[in-house]
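Here's the letter readout for the chains.
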Amino acid sequence: MTRIEKARRRVTVARYAIGITAAVALGGFAAVARVSHPGTAPRVATARTTVTAASTSDDSSSTFFGQADPGSYSNIGPSGSAQPQVQSVAS
Amino acid sequence: MNAFRAMGCDVALPYGVPVGLVRALFEERDARFSRFRPSSELSRVNALPLGLTLVSGEFASMLSLSLDAARATDGLVTPAVGGAILAAGYDRDFVLLPRDVGAAVPAAVPSWQSISLQGGGLLRTETVQLDLNGVVKGKTVDDALELAGSGWVSAGGDVAALEPVVVGLPGGDSIALHDGGLATSSVAKRRWLAAGVPKNHLIDPRTGSSTTSPWRDVTVAASTCLIADVAAKAALLLGTAGPAWLDGRNLAGRFVAHSGAVTLNESWSARAPKTLAA
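Protein chains in written order, with this note's numbering: chain X, 1 to 91; chain D, 1001 to 1278.
Note that these hints are calculated values from the structure, not bench results.
Certain hints may be false.
[Claimed, not checked] What the simulated footprint calls covered on chain D by chain X, stretch by stretch (three residues with Cβ under 8 Å from a Cβ of chain X suffice, anywhere in the stretch; the number is not a length):
1. 1041 to 1050
2. 1082 to 1094
3. 1202 to 1208
[What the hints assert, rightly or not] Derived contacts from chain D toward chain X, CB cut-off under 7 Å, selection only:
4. 1007
5. 1127
6. 1175
7. 1249
For every residue, glycine included, the Cβ atom is placed at its ideal position computed from N, Cα and C.
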């Protein structure tokens, strides 16, 4: 191996090491930022209680129109002569 | 009944439920997800509409639901419409909007797939102004009902119930909602002009402009208010294909045309056949 080849090899190794160090440092920073961010808590405080905001699933298409809402589900029926208690109209 | 105003609409719930807790929830969600409050987390996120942004757990959860809705509706109900609604002229609280906002041009709606959640970060690979209105109100009504623990909660056309309630529908008819959710998406309100051209708040992502659907109001019943609301928006945007689209998902839908004529899909007719009048 010539001196030039040895020098090139040293530069390649150094670049690789710098890349790994930077990636580790960035990951550590992201983890610290996430933990310390004031909005990270997954629950939101209300006046006297807490409510879980929503699903955090990355693949939850079944949340909509899938198994979570089976076809046999029926929650409406004729109202007869009863007067409306509430409206479902644009506001 | 108890009533207050939040998220730009009237919120109502029966006496005997903890109205203070429900009101606090609506105000907290409005403060975080409002497009019109400079201090909201949504406004902060939209100030840098590209790349990686750290967001709160609450924001990430709501955005995750919004992406689920986009996936389930083939992108019809998408959080990526923020830029298009601004371009249409709806850039402030509706009560402050002038009757005619001046010229407006359609804005292309980026793909919802350019938005992703990476741990606690939001990554946008295209410039995207977010608008989470497609899910925030429906989800908040569901959560408010959970807080209330009984009765029902109504907000701007969205109703969630744990016990039977009679609900008035667009055009003057009514329905009995036994439990779950009922939501109406409508272009009858929140309309304005842009250089004389009628606009409404429901953006069709396929055109980047206000919908020209033949339907004025679409009401959907589902197991939750969130599902009903998302389905109603999608069905309205789909136009004449809306009734069959809902039937394909076993969802009951009631459609009111701009003329006032009412169409029920098969699922609605099977459950409440008498709700025909408008």
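Status of each hint after checking the structure:
no.	hint	result
1	1041 to 1050	violated (count 1)
2	1082 to 1094	violated (count 0)
3	1202 to 1208	violated (count 0)
4	1007	violated (10 Å)
5	1127	violated (23 Å)
6	1175	holds (5 Å)
7	1249	holds (4 Å)
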